[in-house]
Structures are given as structure tokens and as C-alpha cells.
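Enquirer: Sequence:
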Amino acid sequence: MNRIGKLHQNKLPLIMGILNATPDSFSDGGRYLDSGKAIEHAIRMAAEGADIIDIGGESTRPGALPVNAGEQLARSLPIITALRAALPDILISIDTTLADVAEAALVAGVDIINDISAGINDPAMFNIAARHRCPIVLMHMQGQPETMQDNPHYRHVVQEVCDYLTARAKCALQAGIARENILFDPGIGFGKRRQDNLDLLAHLDTLVALGYPVLLGTSRKRFMGALCDETEAQNLLGATVATTALGVDAGVKILRVHDVRENKQAAIVAYAIGVRKHETP
Numbered sequence: 003m004n005r006i007g008k009l010h011q012n013k014l015p016l017i018m019g020i021l022n023a024t025p026d027s028f029s030d031g032g033r034y035l036d037s038g039k040a041i042e043h044a045i046r047m048a049a050e051g052a053d054i055i056d057i058g059g060e061s062t063r064p065g066a067l068p069v070n071a072g073e074q075l076a077r078s079l080p081i082i083t084a085l086r087a088a089l090p091d092i093l094i095s096i097d098t099t100l101a102d103v104a105e106a107a108l109v110a111g112v113d114i115i116n117d118i119s120a121g122i123n124d125p126a127m128f129n130i131a132a133r134h135r136c137p138i139v140l141m142h143m144q145g146q147p148e149t150m151q152d153n154p155h156y157r158h159v160v161q162e163v164c165d166y167l168t169a170r171a172k173c174a175l176q177a178g179i180a181r182e183n184i185l186f187d188p189g190i191g192f193g194k195r196r197q198d199n200l201d202l203l204a205h206l207d208t209l210v211a212l213g214y215p216v217l218l219g220t221s222r223k224r225f226m227g228a229l230c231d232e233t234e235a236q237n238l239l240g241a242t243v244a245t246t247a248l249g250v251d252a253g254v255k256i257l258r259v260h261d262v263r264e265n266k267q268a269a270i271v272a273y274a275i276g277v278r279k280h281e282t283p
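To convert, note that position 70 of the sequence shown is 72 in this note's numbering; the numbers rise steadily by one, no gaps.
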């Protein structure tokens, strides 16, 4: 099975390990800005069971400012090149909204584009994905990272997110991206209130039912800290694992997490229970 084949054919949900090559990400900003430390961390995540390593050179935390293509590439390309040489069989994704960054990353060995703007920030993004015939993750976000948490509002958040992602998928298809290469991400924490995040998590099956593979990213998110009366993001492992199990039960295909080993275990157990649930009379 080739690398992309694993994305489409693997029955078990896949674990995407987060690698922030940034100085200001909300949970681990600055820890992996040094390429040597970043590569060591990526190899460690792979050893712990990561199927995908998601590399980003721009923070998308609430309040974050945009980073130009040159700086994103300076942060991420050395890591991509070294990681592809060290781990030739692992899937790598590039977390960016800029087509120039995505194309350079794909040439360097990346397999997947992870675009939090769903192709809106850079209209050339869909053309790049179509030309390289690569998977692309389309995420829902209300606003931009700099301002998205100022005053988000929805009337029916689940339906609005589903409608938005379906519309972006239609645009992607029109640009020549194959249907099997389109993935959805509801954008937990991106322009969402606490109740919006909870509603989306409670109805993940509705998003899954749209027929596109779903990526879920809840790892260490602030709304869970508020629920648990916990201010340190690093202390939200238990909360994250709970959402991983919930996502697997709903049919989510990819879990994007900081803590690979623990979430891998949760995904394996939740999947095994789900199989038994459907087999047991």
C-alpha cells in the first residue's frame, strides 16, 4: 500500500501528530522552532503511532497574525526534507492557507494539504491540489485567526458548518480535485463559542454522513479547559482523549492531536468497541 493508499484504505482511524514550527502556537509555541528538535519530535510521534505528521509554519491560535510564505517555508521546509528522508513511509501534511507554501511543500515530499481557510485565503490553492492530485483538508472557520473569537455567532451551527463545507467541496470539485481527495474538518475552536463546539461534537455523525472523510482537531482546546476549570493546555490530555473516543464512535477518519500515544490507544479501543457493537446481535 502506498502512502496515500493508507489514507483511503486503512480501517482504523488515523492519528495526525501536530508539529508546530512556530514561536507562538497556543500550546507548544517555540518548542519545535529549532529544526533539529522538530525532527526529533516528529520521529518520536511516529514511534508512538502517528500515521500523519502535520507540519505548520504559521500559528492559527486566536489572535495570531498572518505569516508570509517565505517565513513559513523557512520554518517548515528543512523539517519536511529531513523527515521525508528519515521516515519515507509516513504521511506528511502541510498546514497552510498559501498556495506557494503548499506547492513547495508538495515538491519536498508532503502528501496532504491542510487548509484551515478551505481554499478561500488563496484562490490558487485548489489548482495546486488538483494538479498534484493530493488530498486536501477543508476546514470551517468563521473569520480569521486574528479576530475569529471576537464575537462568533450561529443560529444553527451544525447545519451552517455542513452547508459551508459542502459548498467548498463543490468548488474543489469544479477546480478538478477528485472527490476522494477531499476531507472535511468542522474547525473546533475556530470562530466558535463553547456551545458551538459542544453542538458540533454532539453531532459529528451528521458531518460524517455527508460522505467525505472527517478530520477532528480538539487537542488541548480552550473550551475544554473552561469546562474542566483548567487553565494549562498541557493538562487537557484527559479531555482530548474523551473527544477522540467520541469522534471514533461517530465515524471520524483522522484525529489531529499533540499527545499521540494516549490518543492512539483511545482510538484503537473505541474502534474495537464500535466493531463489536455492530457485530453483536
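It is possible that part of the hints are untrue.
[Stated by the list, open to error] Label-pair restraints from in silico Cβ distances:
id : residue 1 : residue 2 : range
1  : Asp165    : Ala87     : 24 to 30 Å
2  : Glu73     : Cys173    : 35 to 41 Å
3  : Asn123    : Glu162    : 38 to 44 Å
4  : Asp91     : Gly276    : 37 to 43 Å
5  : Arg181    : Leu14     : 31 to 37 Å
[To be verified] Subject to a maximum C-alpha distance of 20 Å in a straight line, what follows is the list of computed SDA-like cross-link-like pairs (lysine to any residue):
id : residue 1 : residue 2
6  : Lys255    : Arg5
7  : Lys8      : Ala88
8  : Lys255    : Ile6
9  : Lys13     : Glu162
10 : Lys8      : His205
11 : Lys8      : Val160
12 : Lys172    : Asn123
13 : Lys39     : Ala84
14 : Lys255    : Asp124
15 : Lys172    : Ala247
16 : Lys255    : Gly72
17 : Lys255    : Ala228
18 : Lys13     : Val160
19 : Lys255    : His205
20 : Lys8      : Glu182
21 : Lys255    : Gln197
22 : Lys13     : Leu212
23 : Lys39     : Pro90
24 : Lys172    : Ala204
25 : Lys255    : Ala87
26 : Lys255    : Asn237
27 : Lys13     : Glu50
28 : Lys255    : Arg196
29 : Lys8      : Ala87
30 : Lys8      : Lys279
31 : Lys172    : Glu162
32 : Lys39     : Ile92
33 : Lys39     : Arg86
34 : Lys255    : Ala48
35 : Lys255    : Thr208
36 : Lys13     : Ala48
37 : Lys13     : Lys279
38 : Lys8      : Leu89
39 : Lys255    : Lys279
40 : Lys172    : Ala211
Read the hints as simulated data drawn from the structure, not as lab findings. Glycine included, every Cβ here is placed at the ideal spot set by N, Cα and C.
Enquirer: Indicate, hint by hint, whether the structure satisfies it.
Expert: These are the hints, each one checked on the structure:
no., hint, result
1, Asp165 with Ala87: 24 to 30 Å, "violated (42 Å)"
2, Glu73 with Cys173: 35 to 41 Å, "violated (28 Å)"
3, Asn123 with Glu162: 38 to 44 Å, "violated (19 Å)"
4, Asp91 with Gly276: 37 to 43 Å, "violated (27 Å)"
5, Arg181 with Leu14: 31 to 37 Å, "violated (22 Å)"
6, Lys255 with Arg5, "holds (15 Å)"
7, Lys8 with Ala88, "holds (19 Å)"
8, Lys255 with Ile6, "holds (14 Å)"
9, Lys13 with Glu162, "violated (29 Å)"
10, Lys8 with His205, "violated (26 Å)"
11, Lys8 with Val160, "violated (29 Å)"
12, Lys172 with Asn123, "holds (17 Å)"
13, Lys39 with Ala84, "holds (12 Å)"
14, Lys255 with Asp124, "violated (26 Å)"
15, Lys172 with Ala247, "violated (30 Å)"
16, Lys255 with Gly72, "violated (32 Å)"
17, Lys255 with Ala228, "violated (27 Å)"
18, Lys13 with Val160, "violated (26 Å)"
19, Lys255 with His205, "holds (15 Å)"
20, Lys8 with Glu182, "holds (13 Å)"
21, Lys255 with Gln197, "violated (24 Å)"
22, Lys13 with Leu212, "holds (18 Å)"
23, Lys39 with Pro90, "holds (19 Å)"
24, Lys172 with Ala204, "violated (25 Å)"
25, Lys255 with Ala87, "violated (26 Å)"
26, Lys255 with Asn237, "violated (25 Å)"
27, Lys13 with Glu50, "holds (19 Å)"
28, Lys255 with Arg196, "violated (23 Å)"
29, Lys8 with Ala87, "holds (19 Å)"
30, Lys8 with Lys279, "violated (25 Å)"
31, Lys172 with Glu162, "holds (15 Å)"
32, Lys39 with Ile92, "holds (18 Å)"
33, Lys39 with Arg86, "holds (15 Å)"
34, Lys255 with Ala48, "holds (18 Å)"
35, Lys255 with Thr208, "holds (14 Å)"
36, Lys13 with Ala48, "holds (18 Å)"
37, Lys13 with Lys279, "holds (16 Å)"
38, Lys8 with Leu89, "holds (15 Å)"
39, Lys255 with Lys279, "holds (18 Å)"
40, Lys172 with Ala211, "holds (16 Å)"
Of the numbered hints given earlier, the model fails hints 1, 2, 3, 4, 5, 9, 10, 11, 14, 15, 16, 17, 18, 21, 24, 25, 26, 28 and 30; all others are met.
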